[in-house]
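Just need the whole structure built from these sequences, with the hints factored in.
Taking our numbering, the leading residue of the sequence shown gets 34, the next gets one more, and so forth.
It is worth saying that the hints were derived from the structure and are not from the lab. The reader is advised that the hints may include incorrect statements.
Label-pair distances were calculated between CB atoms; the ranges are [stated by the list, open to error]:
hint : residue 1 : residue 2 : range
1    : P229      : N78       : 22 to 30 Å
2    : E120      : E213      : 34 to 42 Å
3    : N220      : E92       : 19 to 27 Å
4    : A100      : D80       : 18 to 26 Å
5    : D132      : P229      : 23 to 31 Å
Quick reminder that beta carbons are idealized off the backbone N, C-alpha and C, glycines included.
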Amino acid sequence: MKKILTFLLLGGCVLNLQGCINFGNSEENNTTKVEHVTEGDQEFNEDDYIKGYYPTLAEAIKHNTLADGKPIDFELVKTIKIIEDEESCIFYGTLFQADDGGEFFAVLRFRTKEKDGKKTYSNPLSYGPTPVEFIDNQVYKNKNIIEEQDSFLSLYSNSYTTKTMKNHPNFAWSLSTKKEVNKIKVNNQKPTEIIPFKIGKDQLYFYYFNDLKIMIRMMNSL
Numbered sequence: 034m035k036k037i038l039t040f041l042l043l044g045g046c047v048l049n050l051q052g053c054i055n056f057g058n059s060e061e062n063n064t065t066k067v068e069h070v071t072e073g074d075q076e077f078n079e080d081d082y083i084k085g086y087y088p089t090l091a092e093a094i095k096h097n098t099l100a101d102g103k104p105i106d107f108e109l110v111k112t113i114k115i116i117e118d119e120e121s122c123i124f125y126g127t128l129f130q131a132d133d134g135g136e137f138f139a140v141l142r143f144r145t146k147e148k149d150g151k152k153t154y155s156n157p158l159s160y161g162p163t164p165v166e167f168i169d170n171q172v173y174k175n176k177n178i179i180e181e182q183d184s185f186l187s188l189y190s191n192s193y194t195t196k197t198m199k200n201h202p203n204f205a206w207s208l209s210t211k212k213e214v215n216k217i218k219v220n221n222q223k224p225t226e227i228i229p230f231k232i233g234k235d236q237l238y239f240y241y242f243n244d245l246k247i248m249i250r251m252m253n254s255l
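Printed below as a string of structure tokens:
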């Protein structure tokens with residue numbers, strides 16, 4: 034189920050972003066511009082999907098409603114990065130699902146609110162799974178670091194998860210299996226941080242830009 038959801042999700046991202054984010058590159062791994070970042074589904078009302086608030090992200094993840102309103106048996110393994118504003122947060126890290134291939138990378142969005150002076154987290158409101166098999170498949174292996182960046186930075190930076198993050202309007206991220214990830218530049222900017230992590234024996238790299246400078250343009254309707 035996780036793998037099927039992954040390819041459906043990533044395929045949807047390609048359809049949403051194709052033609053909206055353009056990358057140029059040079060021999061120095063220096064891309065030139067990102068022209069436009071699309072918005073998410075304006076009809077999606079998060080309040081309709083919140084079932085409760087929980088004291089930790091681990092508990093919130095366990096109370097997910099991602100299987101047609103029922104929970105999938107997820108366990109939080111590793112938190113790699115969290116970004117947040119006054120009312121929501123995005124989790125980037127690894128989860129474990131015993132009956133579907135073990136540990137995998139995922140992105141989850143939560144609403145947050147204060148209760149008795151402490152932050153609480155809603156059940157996950159968006160879910161983007163990325164199994165290691167996808168990250169380390171032939172699509173990646175046959176690409177150099179420039180080609181990988183051009184293909185996957187726009188693919189992974191799911192616009193829905195960041196569209197209401199008031200403190201991070203230009204946050205962008207990606208994954209790589211290549212040590213040369215430290216050579217990446219976008220719009221002449223190096224990543225804010227490169228975070229190495231492992232899933233099993235696989236060495237992976239999560240990299241992100243806190244404030245990727247972009248040039249916004251209006252998109253003409255077809």
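### Task
Would you list, in rising numerical order, the hints stated earlier that this structure does not obey?
1, 3
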